[in-house]
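Just so you know, the sequences run in chain order D and V.
Counting in our numbering, the first sequence runs from 1 upward without gaps.
Counting in our numbering, the second sequence runs from 1 upward without gaps.
Misleading hints may appear alongside valid ones.
[To be verified] Sample of chain V residues facing chain D (criterion: CB under 8 Å; computed from the structure):
1. Ser290
2. Ala457
3. Gly461
4. Trp462
5. Tyr468
6. Ala488
7. Ser497
8. Leu500
Worth flagging that the hints you see were computed from the coordinates, not collected in a lab.
Small disclaimer: the values here were computed from a predicted structure and weren't measured.
In this text, a Cβ means the ideal position worked out from N, Cα and C, and glycines have one as well.
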Amino acid sequence: MTTGEGTVRLRPPNNTLDPRAVGWWRAQWLLLTAAPVVVLAVLGALIEPARFWLLLPAAILAVLGIGCAVLLPAWWFRTHRWEVTDEAVYVRTGVFRQEWRIAPMSRIQTVDTVRGPLEQLYRLATVTVTTASAKGAVRIEGLDHETAAGLAERLTRITQDTPGDAT
Amino acid sequence: MSPEAAVSPSPDTGGGHGPATATAVDWRRLDRRTVLVSALVTAGVAAGAAVPTTLGLSGRFGFGAAVAWVLAGAALLIGSAAVGDHVRWRRTRYRIGAERVELHTGLLLVKKRSLARERIRSVDLTAHLLQRALGLVTVRIGTGEHSGNDSTLELDPVTVAEGERLRRELLERTATGTPGIHREGELVALDPRWIRYAPVSFVAPALGGAAAGAVMQVSDWFGAQGRVIEWVGERFRDTSLTAMIVILAVAAVAAGVVGALGLWVEMWWNYRLEREPGGTLRIRRGLLTSRSVSIEERRLRGVDLVEPLGIRTFGAARVDAITTGLAKDDEEQHGDHNTLLPAAPRPVADAVAADVLRETVSPTGAPLTGHPLAARGRRLRRAYWAVLVPVAVLALLGALLTPVLLWTALGCAVVGLPAGVFLARDAYRGLGHTVSGDYLVVRSGTVRRSTAALERAGVIGWTVGQTYFQRRAGVLSVTATTAAGAGAYTAYDTDASEGLAFAAEAVPGLLEPFLERVPPAG
């Protein structure tokens, strides 16, 4: 990459997610790993002739899953950031493919707050901001649930004050 | 049409024979001849089905009895279709109010739907051959919301005069102050010479394949599939297998070309693009089935100049509208709904794009900023992978199993690599983006090259994406999201810094707060 005079790049958004998000992601990874591993392990315990060929993939999956659960969430926590200014919502996500999404306040149509069962356990929430574009939705996952409620309220207030049909 | 006077506003009170109320005058019915149309259409279908059924039955009951049975069945079918449609006609009424358009329909499940008039974005008229003969037309009134079927009201059918009246009344708005250079009336009409682009479209091979499939299917109905294959085999008894394949392929292509020409004539005959007072673009076309599509210019966010590989090699392009609020239901999924201009010579396409956008020069013709060489490398690498992975798999299997696969692998490599490299280089040449007047222009694609000119004011957000490989190559993809058209238009693999500068320039103020200068040490 050429870095000369006048070269610009996107700066990282100001805010990190709630640190509890790391735990939430870990729990998701562990649940995701546990499902196939338990099935394979139970089958391995019951079916004696195929025991080795069932327990081996179970062990491999378990190691991979736990590895991901330990390493990835901490990494994600560093890359996932968000920011809300008076003009726009700005979010950065992704590790392998980084993505920066910007939605101007004047074009926001709906603001949704969603809390799944696991998120509730970790007192987290996801805020989804949609615009009139089918492909322009901005999601902020892993916010503290009170921060999320406050943010949703603020966004809703700002968008209501903005005239026009946001297209 | 003759609006029945005595119609109660609520259809569930008594089937249309209640006493006239104050509002009853406004309620209108569909045209009564819909019953006739249904009966005739069903008769046509019945006639089509009757021949194989009679042949099938005559084997068991004798010819006379079979004919009698089939006739009775056909009569029953036509009768029930007519009665059913009569009931539908009786139970359907609509009203154009000052604020809302209402449609009540349904026998058991009464559906009452209404659209706010200010939300109506499109009024489209279609008439198939039978309807045209009777002077009828199907009207679709759409809001252009993306939410399912509830956004479209269908009046099937009303008279042509009533359809025109609805279209004018519903789309007529206070004429907006019309900025810029523009003209009203006919913008472009069909040039029959454009038919030369029909056979090179992707329709032709598809139709050829379909024709071959249809022959097999129909012969299967008559239990004669084996005989057809035998007959074909006999024709080619003295020729080699290769010659037979070539001849059959040529025949299929010829059938496809004929089909493509026929389809083109049916779709685009009488094509005309007009601008009407009040800021509406109207497209009329169709030989047998006539269609009229209206696009409100207020909803137009730009145009997309589409050049599929076939017609691009002949210097032609198609123009699609990028608009919010074109009907998105099943009928319009075929894709030609938002086409403003069929494949036509590139200068014509550019001129039409400029006319439609009320510009002197089309932004689609603006010189574009190219993308860095890294983008070409990425495309070439992608092509190599796409060719070499299957080749490697084939070669591996060939080494293990049979040498035939080895030769197949060699063939794939010999054909695939040059084709892949050609397409990759072409794709790279196609990449480009710029800001031209009120529009931002992005171009990409090789099999379907698209030059989208999107109104800068229509951009409602940015998405910037960068994979690990793009980061290493110093490129990124900038996507403008919009409420119109495909929802997002992307400049792929722009220079990391220049792409962001382009986005910041296109929509001032939106991206700037989030940009920072890279320190020269970098």
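So, going through the hints one by one against the coordinates:
1. Among the interface hints, the one on Ser290 (chain V) is violated; its C-beta lies about 31 Å from the nearest C-beta in chain D, farther than the 8 Å criterion.
2. Because the beta carbon of Ala457 (chain V) sits about 10 Å from the nearest beta carbon in chain D, more than 8 Å, this interface hint is broken.
3. Proximity of Gly461 (chain V) to chain D holds as hinted, the smallest CB-CB distance being about 4 Å (cut-off 8 Å).
4. Of the supplied interface hints, the one on Trp462 (chain V) holds, with its beta-carbon coming within about 5 Å of a beta-carbon of chain D, less than 8 Å.
5. A distance limit of 8 Å between C-beta atoms decides the matter here; for Tyr468 (chain V) the minimum to chain D is near 5 Å, and the interface restraint holds.
6. Interface restraint check for Ala488 (chain V): the shortest CB-CB distance to chain D comes to about 4 Å, inside 8 Å, so the restraint holds.
7. For Ser497 (chain V), the interface hint holds, since its Cβ comes within 8 Å of a Cβ in chain D; the closest pair sits about 4 Å apart.
8. Satisfaction of the interface hint for Leu500 (chain V) is found here, the shortest Cβ-Cβ separation to chain D being roughly 5 Å, below the 8 Å cut-off.
Violated hints, in rising order: 1 and 2; the structure is consistent with all others.
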